[in-house]
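Student: For this one, chain A is given, so just place chain B on it according to the hints.
For the record, the sequence lines run as chains A and B. For the first sequence, numbering that gives the first Met the number 0 begins at 0 and goes up steadily by one. For the second sequence, numbering that gives the first Met the number 0 begins at 0 and goes up steadily by one.
Hints are computed from structural coordinates only; laboratory data are not their basis. Glycine included, C-beta positions come from ideal geometry on N, C-alpha and C. Be careful, since some hints might not be right.
[Said to hold, decoys possible] List of simulated lysine-lysine pairs, DSBU-like, C-alpha gap at most 30 Å:
| # | chain 1 | residue 1 | chain 2 | residue 2 |
| --- | --- | --- | --- | --- |
| 1 | A | K158 | A | K181 |
| 2 | B | K160 | B | K178 |
| 3 | B | K48 | B | K145 |
| 4 | A | K158 | A | K216 |
| 5 | B | K48 | A | K216 |
| 6 | B | K178 | A | K158 |
| 7 | B | K178 | A | K23 |
| 8 | A | K181 | B | K178 |
| 9 | B | K160 | A | K23 |
| 10 | B | K145 | A | K216 |
[Claimed, not checked] Every beta carbon over 12 Å from chain B, so not counted as near; a handful from chain A, in silico:
| # | residue |
| --- | --- |
| 11 | W2 |
| 12 | L16 |
| 13 | P34 |
| 14 | L35 |
| 15 | V41 |
| 16 | F73 |
| 17 | Q112 |
| 18 | A130 |
| 19 | R135 |
| 20 | R143 |
| 21 | T190 |
| 22 | H212 |
The lines below spell out each chain.
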Amino acid sequence: MEWNFWAVLSDFDLLLLGLVNTLKVTALALTFGVPLGLCLAVLRLSTLRPASAVAAFIIEFFRTTPPLVQLFWFFFALPILIDVRMTPFIASIVTFSIQSSAFFAEIFRGGIQSIDKGQWEGGKAMGMTYAQSMRRIILPQAVRRMIPAFMERAIELLKTTTLVSTVAYTDLMFQANDLAQKTFRPLEVYTVVALMYFVLIFVLSQLSIRVEHRLAKSGDSTLR
Amino acid sequence: MNHAWDFAAILANWQVLWVGLQGTLTVFAATVTLGLGGGLLVGVCRYAKMPLLRLPSMAFVEVFRNTPVLVQIIWFYYAFPILTGVEVNPFLAATLGISLNTMAFSAEIYRAGIQSIEPGQWEAGKALGMAYQQTLRRIILPVALKRVLPALTNRGIEVFKMSTLASVVAYIETLNQAKLIADLNFNPIESYTTVALIFFVVLYPVVQGTYILERMLRKSE
Chain A
0 MEWNFWAVLS DFDLLLLGLV NTLKVTALAL TFGVPLGLCL AVLRLSTLRP ASAVAAFIIE
60 FFRTTPPLVQ LFWFFFALPI LIDVRMTPFI ASIVTFSIQS SAFFAEIFRG GIQSIDKGQW
120 EGGKAMGMTY AQSMRRIILP QAVRRMIPAF MERAIELLKT TTLVSTVAYT DLMFQANDLA
180 QKTFRPLEVY TVVALMYFVL IFVLSQLSIR VEHRLAKSGD STLR
Chain B
0 MNHAWDFAAI LANWQVLWVG LQGTLTVFAA TVTLGLGGGL LVGVCRYAKM PLLRLPSMAF
60 VEVFRNTPVL VQIIWFYYAF PILTGVEVNP FLAATLGISL NTMAFSAEIY RAGIQSIEPG
120 QWEAGKALGM AYQQTLRRII LPVALKRVLP ALTNRGIEVF KMSTLASVVA YIETLNQAKL
180 IADLNFNPIE SYTTVALIFF VVLYPVVQGT YILERMLRKS E
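Isolated chain A, as found in the complex (with noise of 0.2 Å):
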């Protein structure tokens, strides 16, 4: 066995162009998925009962089924029951924005519920509607506790956002599967891009802990 990464780093722009189009699933993803996270948390903890019902379903089913089967739900079947031209671009988005909005709902959740009761009635107090004491009084407080909680979810969002390879959107893991077989070299093409997920992955996991530690000093965090 003889390793030869020739073949790979003359071809390396390919893999640039696939973990660009990765960082743009996952960007996008957060960009629908945390205001939808919001969403369904909200209705989640509202006192409506078949609102929250509703939500707390949608919730549990996006958690409970595999992301892999929403995928392919979205690519290959929600096409054929609203008749829409899908794209592995839209599907990918589609579903986890979706997926990871039910994520971010819960830790929305945990986070609301995380803050002290007088904050409400202090908001009540002084004649704020519900509405206004969320947006103004106990999401300010609770979002800053979530953010550990919401760096690893947008973390495991990018390892999850290598499923779009498999309905052939060009992200990082699609153009290493196309450069293996194009090159015959499959150990340097997988190894190298698994050293690619790893160094972005790794900075990015390094960050999340040093944000951590320093909410932790400051007594906020909900992360444990």
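Tutor: The following block gives chain B in isolation, referenced to the frame of chain A:
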């Protein structure tokens, strides 16, 4: 929204799905046992004072926690055989990838559990003349394991969902079989909806059970 749902082809092919479910359960049983069992070993080593034990387990944990599990499975399927000359079938690739990933994640759970025990417990063990290993086995682990039980169940749930990734290397499990049915009967909606429902029905009670377990443990502490 004028699709007429028709589950007839699914019901006619229930045996195909059943074979898939057996595959899912096989890979789950193997990976959850190896992953959570091996994770305890790595977690204890990760906590050890000896650098010879601590550093390799630390590296192991970092590598497998910070790479996507799909990359690991594919690496074991396509790259590992070239490196070692060992033939790797889809089952082995999926089992290796998911087990090692789970070992790394659960090692951190066990470590957190061990670290959560007050130092006084270690000192008490020492005062009674117990060796490090005896204290660990008789005093620390029983309490630590109880504390991390909910986290471990959550890992188990993740592992069950991860088993679908085995379909990427063409291992015969539920999702792979559903794809087969969908391709033959042109019914992706019903096929993939059924798989989603199967996972939901299996995991929903487990998740609810975990919540109850968490509440019970919090009360008993």
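Student: So which of the earlier hints does this model not fit?
Tutor: 11, 16, 21
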